[in-house]
Amino acid sequence: MQKRVHYNTSYLPYLLVAPQIIITLVFFIWPAMQALYQSFLLEDAFGLSSEFVWFDNFVELYDNPNYLSSFIRTAFFSFAVAGLSMGVALFFAALADRVVKGAQGYRTLLIIPYAVAPVLAGTLWLFLFNPTLGIMTYFLDMIGINWNHKLDSSQAMGLVILAAAWKQISYNFLFFVAAMHSIPKSLIEAAAIDGAGPAHRFRTIIFPLISPTTFFLLVVNIIYAFFDTFGIIHAVTAGGPGNSTEILVYKVFNDGFVGLDLGGSAAQSVILMFIVIALTVIQFKYIERKVEY
Amino acid sequence: MSTINMQQLKKSYEDTQVIHGIDIDIVDGEFIVLVGPSGCGKSTLLRMVAGLESISDGEVKIDDKVVNKLEPKDRGIAMVFQNYALYPHMTVYQNMAYGLKLMKLPKEEIVQRVQEVAELLQIEQFLERRPSNLSGGQRQRVAMGRAIVRKPKVFLFDEPLSNLDAKLRVQMRMQIKTLQRNLGVTTLYVTHDQVEAMTMADRLVVLKDGIAAQIGTPMEIYDDPHNQFVAGFIGSPAMNFIDCTISDEVIDIGGQKMPRPTDVTQRGSVVLGIRPEHFINTADQPAIQGQVDMIEKVGASVFLYVKCDHIEELIVIQREGHSQVQIGELVPINPNLNKLYFFDKNTQQRLY
Amino acid sequence: MVENRPMTTFISHSVLIIGVALIVFPIWIMLVASSHDALRLTQVPLPLLPGDQFWENIKLLFSSKTFGAPIHLSLLNSLAMAMMISLGKISISVISAFAIVYFKFRFRMFFFWMIFVTLMLPVEVRILPTYEVVASLGMLDSYLGLSVPLIASATATFMFRQTFLTISDELMEASRIDGASPMRFFFDVVIPMSRTNIAALFVILFIYGWNQYLWPLLITTDPDMYTVVMSIKQMLESGESEPMWHMIMLTALFAMLPPVLVVVFMQKIFVKGLTDSEK
Numbered sequence: 001m002q003k004r005v006h007y008n009t010s011y012l013p014y015l016l017v018a019p020q021i022i023i024t025l026v027f028f029i030w031p032a033m034q035a036l037y038q039s040f041l042l043e044d045a046f047g048l049s050s051e052f053v054w055f056d057n058f059v060e061l062y063d064n065p066n067y068l069s070s071f072i073r074t075a076f077f078s079f080a081v082a083g084l085s086m087g088v089a090l091f092f093a094a095l096a097d098r099v100v101k102g103a104q105g106y107r108t109l110l111i112i113p114y115a116v117a118p119v120l121a122g123t124l125w126l127f128l129f130n131p132t133l134g135i136m137t138y139f140l141d142m143i144g145i146n147w148n149h150k151l152d153s154s155q156a157m158g159l160v161i162l163a164a165a166w167k168q169i170s171y172n173f174l175f176f177v178a179a180m181h182s183i184p185k186s187l188i189e190a191a192a193i194d195g196a197g198p199a200h201r202f203r204t205i206i207f208p209l210i211s212p213t214t215f216f217l218l219v220v221n222i223i224y225a226f227f228d229t230f231g232i233i234h235a236v237t238a239g240g241p242g243n244s245t246e247i248l249v250y251k252v253f254n255d256g257f258v259g260l261d262l263g264g265s266a267a268q269s270v271i272l273m274f275i276v277i278a279l280t281v282i283q284f285k286y287i288e289r290k291v292e293y
Numbered sequence: 001m002s003t004i005n006m007q008q009l010k011k012s013y014e015d016t017q018v019i020h021g022i023d024i025d026i027v028d029g030e031f032i033v034l035v036g037p038s039g040c041g042k043s044t045l046l047r048m049v050a051g052l053e054s055i056s057d058g059e060v061k062i063d064d065k066v067v068n069k070l071e072p073k074d075r076g077i078a079m080v081f082q083n084y085a086l087y088p089h090m091t092v093y094q095n096m097a098y099g100l101k102l103m104k105l106p107k108e109e110i111v112q113r114v115q116e117v118a119e120l121l122q123i124e125q126f127l128e129r130r131p132s133n134l135s136g137g138q139r140q141r142v143a144m145g146r147a148i149v150r151k152p153k154v155f156l157f158d159e160p161l162s163n164l165d166a167k168l169r170v171q172m173r174m175q176i177k178t179l180q181r182n183l184g185v186t187t188l189y190v191t192h193d194q195v196e197a198m199t200m201a202d203r204l205v206v207l208k209d210g211i212a213a214q215i216g217t218p219m220e221i222y223d224d225p226h227n228q229f230v231a232g233f234i235g236s237p238a239m240n241f242i243d244c245t246i247s248d249e250v251i252d253i254g255g256q257k258m259p260r261p262t263d264v265t266q267r268g269s270v271v272l273g274i275r276p277e278h279f280i281n282t283a284d285q286p287a288i289q290g291q292v293d294m295i296e297k298v299g300a301s302v303f304l305y306v307k308c309d310h311i312e313e314l315i316v317i318q319r320e321g322h323s324q325v326q327i328g329e330l331v332p333i334n335p336n337l338n339k340l341y342f343f344d345k346n347t348q349q350r351l352y
Numbered sequence: 001m002v003e004n005r006p007m008t009t010f011i012s013h014s015v016l017i018i019g020v021a022l023i024v025f026p027i028w029i030m031l032v033a034s035s036h037d038a039l040r041l042t043q044v045p046l047p048l049l050p051g052d053q054f055w056e057n058i059k060l061l062f063s064s065k066t067f068g069a070p071i072h073l074s075l076l077n078s079l080a081m082a083m084m085i086s087l088g089k090i091s092i093s094v095i096s097a098f099a100i101v102y103f104k105f106r107f108r109m110f111f112f113w114m115i116f117v118t119l120m121l122p123v124e125v126r127i128l129p130t131y132e133v134v135a136s137l138g139m140l141d142s143y144l145g146l147s148v149p150l151i152a153s154a155t156a157t158f159m160f161r162q163t164f165l166t167i168s169d170e171l172m173e174a175s176r177i178d179g180a181s182p183m184r185f186f187f188d189v190v191i192p193m194s195r196t197n198i199a200a201l202f203v204i205l206f207i208y209g210w211n212q213y214l215w216p217l218l219i220t221t222d223p224d225m226y227t228v229v230m231s232i233k234q235m236l237e238s239g240e241s242e243p244m245w246h247m248i249m250l251t252a253l254f255a256m257l258p259p260v261l262v263v264v265f266m267q268k269i270f271v272k273g274l275t276d277s278e279k
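Chains as they are written, first to last, in the numbering used here: chain A, 1 to 293; chain B, 1 to 352; chain C, 1 to 279.
No wet-lab data here; the hints were simulated from the structure. Given the structure is predicted, the values throughout are model-derived calculations rather than measurements. All C-beta atoms, glycine included, are put in the ideal place defined by N, C-alpha and C. Among the clues, some could well be false.
[To be verified] Derived pair list, reagent style BS3-like, types lysine-lysine, alpha-carbon separation capped at 27 angstroms:
| hint | chain 1 | residue 1 | chain 2 | residue 2 |
| --- | --- | --- | --- | --- |
| 1 | B | K10 | C | K104 |
| 2 | B | K65 | B | K151 |
| 3 | B | K107 | B | K10 |
| 4 | C | K268 | A | K101 |
| 5 | C | K272 | A | K101 |
| 6 | B | K73 | C | K104 |
| 7 | C | K104 | B | K69 |
| 8 | B | K65 | B | K153 |
| 9 | B | K339 | B | K208 |
| 10 | B | K10 | B | K104 |
| 11 | C | K59 | A | K185 |
[Stated by the list, open to error] Among chain B residues calculated to face chain C with C-beta under 8 angstroms, some are:
| hint | residue |
| --- | --- |
| 12 | I77 |
| 13 | M79 |
| 14 | F81 |
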């Protein structure tokens with residue numbers, strides 16, 4: 001936690017933490033409190049007066065089929081993104097672990113999507129799958145699939161999942177490679193001497209040993225899918241068609257800034273906050289446990 | 001020309017007191033070794049003199065000036081740490097010059113001082129290297145160089161040799177001692193190694209549980225330990241301690257009897273202490289016998305671990321190197337009756 | 001490699017090459033599209049190979065104002081925002097971590113937990129009230145408004161704390177004996193010893209800052225304050241007509257170039273920093 005030895009000066013440490021603390025107070029704690037407070041308020045249509053309504057906003061959300069379906073949609077979206085990007089990344093990492101030459105080159109190329117802004121990633125995939133022009137649309141048409149994510153809600157969902165997963169592959173790949181790299185070579189060699197082939201080794205040794213990383217990545221990917229995919233959805237579908245790709249974060253933005261339902265939006269923020277807190281706690285539990293290994 | 005005086009020096013962390021009032025007066029140019037088992041407070045004491053630990057009670061004076069509240073840099077000290085504490089991102093030169101720079105010495109003087117000390121320690125050729133490119137012994141010398149270059153009134157060493165291998169340690173021991181004598185700087189040196197302590201010290205301070213168990217020259221402490229702890233701590237292998245009862249005629253050790261030296265006046269149940277090297281290898285006198293349980297050959301001498309009836313511990317006896325004693329053999333146990341020590345069973349203080 | 005099987009190695013390479021090609025495909029198509037003229041990009045099927053209009057398009061992009069804000073201005077805005085966020089985050093985190101690790105003071109743990117809490121409050125979650133705070137401070141449409149609310153970071157503080165804990169205690173003591181004040185020690189020893197971490201963090205944070213989208217979208221209304229990442233979206237919504245894809249893709253190229261270059265060229269440091277700090 002801290003050094004065994006430390007300085008004893010009276011004011012300096014306060015000066016040092018001050019910038020961080022002030023910014024935290026002004027732009028984090030205070031707005032979070034505001035969100036909490038507003039979630040208990042009901043404003044009239046003109047924003048002139050407001051009434052303290054306790055948990056009405058939450059009850060309303062609970063009764064709102066729209067919100068519930070957005071919740072389920074977000075869960076589906078998150079697990080799909082996590083599953084797809086982690087699966088692909090694991091596959092690449094397992095292969096990259098096998099090759100000696102060129103690993104660096106593959107890594108350099110695979111790293112690129114990490115640096116691409118979500119909204120740009122969305123734009124690229126939108127262009128590929130543009131219903132009239134897109135090159136992928138053209139290929140799909142050749143094999144008899146009619147692609148139009150502007151009308152077909154499951155295609156829309158598929159496209160945002162694809163774009164979101166694409167961006168996250170780099171991150172997962174790097175972690176899987178690092179995890180595989182940290183497995184002692186002697187362990188793999190011992191298994192090879194015991195006659196286990198590459199596929200068998202992967203299943204019985206490598207995969208179990210990287211399971212802490214896998215779990216860590218699962219949490220990180222879910223957090224990513226929850227909060228960092230706003231730009232992708234904004235660019236690709238803007239939540240449509242209908243509400244079919246409106247995930248929770250997008251809905252907070254939509255209801256608050258477009259729909260101007262402050263209380264409802266704030267209540268949604270508060271729920272999101274609790275989700276982040278839960279995920280963060282899980283993540284830290286994991287890190288704690290990992291320390292013991 | 002520096003003296004150090006510690007008066008009733010105490011240190012507590014919250015509720016636990018770790019240093020219980022230590023008095024030491026160190027004269028100019030003296031080499032004082034603080035020795036004791038781990039947790040005895042020797043490092044804490046050193047760090048209190050350095051100013052790295054606050055002083056709970058009592059006084060530290062350097063040159064008759066109380067330094068309790070002074071920052072380390074204002075005490076005129078220099079310290080060599082166990083892990084050397086060299087700045088890894090600086091070259092050897094920069095490491096040595098850093099303190100001088102902070103003293104705002106002129107550039108030429110810094111260069112000159114570092115150069116001199118580097119020559120003295122034969123590290124001139126490393127001046128532009130980083131610590132990570134040096135061997136353990138070289139790093140050790142750089143750490144010393146950094147201390148010397150400050151021209152301190154007092155050197156403080158905190159187990160500086162414990163990270164070196166055995167051979168290098170013996171070498172450096174001599175080098176440090178010679179260097180200190182030539183420079184004439186008053187020195188406090190912490191170690192847990194009693195051989196190091198004996199060979200280097202002008203005077204030893206044997207610490208136990210935050211108390212100075214004894215202060216004296218190495219030979220004083222060896223010949224005349226004040227209590228059982230000091231007697232057992234100094235000397236290798238350690239002194240044998242045997243429970244015995246002294247009556248008017250004999251010393252009774254578990255039913256076996258030894259003549260009582262006439263000048264031993266104590267009577268009753270005490271602890272007898274005999275150093276392994278204080279046994280006589282003759283069968284002349286009526287003696288206790290024991291069976292050799294284990295033999296340790298170190299070349300110049302042989303240590304016999306002997307099992308005697310009614311005595312729990314094995315008794316260690318030193319013989320000359322080519323002794324042909326075998327395991328299982330019966331050997332006489334003939335202590336030199338002029339070299340017996342007696343300790344009180346309860347207070348562990350020396351009785352005779 | 002444990003055993004030598006040329007065949008599996010060959011297959012591994014082949015699969016990797018195909019896989020990497022698929023991953024890079026969207027970016028390739030972006031490059032291709034940015035090198036054709038508007039007309040070619042209305043004809044199905046779209047080209048798979050680069051055309052010869054790249055320089056023409058660049059000239060057009062930099063000379064024209066019809067695509068939202070002038071591109072050089074929005075690039076500059078993005079750079080300013082990314083630098084302010086990354087350097088700001090690093091500075092305030094490194095000093096607060098220094099205080100928490102190296103000093104004993106009242107409320108130390110309280111401050112620590114307060115910083116920890118920010119980890120649980122991503123900007124997306126408290127977007128509306130944060131917007132109100134920034135608005136009431138008059139920081140809309142300014143670099144400060146773009147960057148300052150994003151620069152408090154528990155992650156960076158934790159990372160620096162972790163790094164500092166690995167610096168041996170004796171160095172701090174040695175520096176005290178050498179006569180260095182806490183701040184001297186900070187600048188002369190702690191910072192130089194953490195420079196790899198600072199560099200790695202810079203890469204991560206530069207990308208984070210450059211790629212901000214939702215926040216600048218809310219904070220800026222003045223086109224002169226738009227960031228390049230934002231302007232893409234403006235171009236997509238170019239009214240009734242089909243978007244100008246060659247210009248969009250060219251802008252996208254410029255928008256992703258700085259972070260991609262940073263990550264590719266500082267790859268080693270970045271990978272180490274990323275996987276060491278675990279987010």
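Verification of the supplied hints:
no.	hint	verdict
1	B:K10 - C:K104	22 angstroms, holds
2	B:K65 - B:K151	18 angstroms, holds
3	B:K107 - B:K10	41 angstroms, violated
4	C:K268 - A:K101	17 angstroms, holds
5	C:K272 - A:K101	20 angstroms, holds
6	B:K73 - C:K104	21 angstroms, holds
7	C:K104 - B:K69	18 angstroms, holds
8	B:K65 - B:K153	13 angstroms, holds
9	B:K339 - B:K208	25 angstroms, holds
10	B:K10 - B:K104	35 angstroms, violated
11	C:K59 - A:K185	54 angstroms, violated
12	I77	7 angstroms, holds
13	M79	5 angstroms, holds
14	F81	4 angstroms, holds
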